[in-house]
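Enquirer: Take these sequences, add in the hints, and give me the full structure.
Protein chains: 2
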Amino acid sequence: MQENFGVLVLGHGSKLTYNKRTVETVAGMLAERMAGVTIKTAYLNMDRPTVEEGLKSFAETDVTTLYVLPLFLAHGTHTLKDIPKILGLPDGEHRTTYSLGARNIDVVYAEPLGIDSCIADLAHRRLTEA
Amino acid sequence: MQENFGVLVLGHGSKLTYNKRTVETVAGMLAERMAGVTIKTAYLNMDRPTVEEGLKSFAETDVTTLYVLPLFLAHGTHTLKDIPKILGLPDGEHRTTYSLGARNIDVVYAEPLGIDSCIADLAHRRLTEA
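From first to last, the protein sequence lines are chains A and B.
The opening residue of the first sequence carries number 257 in our numbering; numbering runs sequentially from there.
The opening residue of the second sequence carries number 257 in our numbering; numbering runs sequentially from there.
Hints should not be assumed to be uniformly reliable.
Pairs count within a copy or across copies, as identical chains cannot be separated in the list.
No farther apart than 20 Å at their CA atoms in a straight line, the calculated lysine to aspartate or glutamate pairs in the DMTMM-like style are these [stated by the list, open to error]: (1) K337 - E288; (2) K276 - D377; (3) K296 - D377.
Quick caveat, the hints were computed from the structure, so don't treat them as lab data.
Expert: Structure (structure tokens):
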């Protein structure tokens with residue numbers, strides 16, 4: 257990862273409070289793992305800040321490289337079409353430059369959570385708790 | 257958990273292949289952790305089998321208690337309204353009886369993945385891999 261980097265955690269958004277609470281809490285847990293890094297959250301739908309608002313909010317920081325993390329379980333239309341379109345990412349690309357008006361920042365688009373044994377471990381735990 | 261139980265893992269479904277692949281792979285990982293348990297998958301939207309088809313498919317098993325696991329990151333309208341409606345679960349309840357025609361099975365509705373430090377660990381890993 258680059259120096260002077262920041263992280264924008266993107267959530268789906270929801271009419272209910274749970275998605276936003278999950279995204280904000282996970283972002284807080286990330287902050288514990290990445291001391292000194294500016295970590296913000298934004299949402300595709302139904303919640304604020306929007307993705308554009310989240311991106312623009314880094315104008316007032318010294319961040320030069322922004323990691324955009326889609327907090328989604330799997331890739332889908334949101335992660336492969338909607339978010340890349342907002343970021344101005346060509347199909348299949350993971351790096352681009354985004355204009356904050358007075359300056360540009362480098363953007364690195366991370367993968368969603370995806371398949372991992374820890375997801376199965378957590379799913380198993382939810383079953384045993386039920 | 258009960259004897260003679262089965263598991264139905266529910267995914268959101270997608271026009272693309274990634275959600276189904278994730279749900280099927282996690283279901284396979286669960287099967288490794290739960291030897292001898294019948295584990296099936298179903299989808300709310302855009303993929304088959306549907307939730308109803310997934311439920312009915314347990315008619316041909318000896319399962320008497322079915323754990324329904326929503327493989328969603330957080331609660332939302334799908335997990336709190338749509339799925340409970342299909343299961344016939346009253347608001348806020350987690351247990352009901354579901355008719356398979358010739359017999360009834362007990363249904364236990366598990367929680368979605370939700371907030372957990374392992375989600376933050378995985379998100380952190382996706383950032384370092386980006």
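Enquirer: To test your reading of the hints: which numbers does this structure violate?
Expert: Violated: hint 1 alone.
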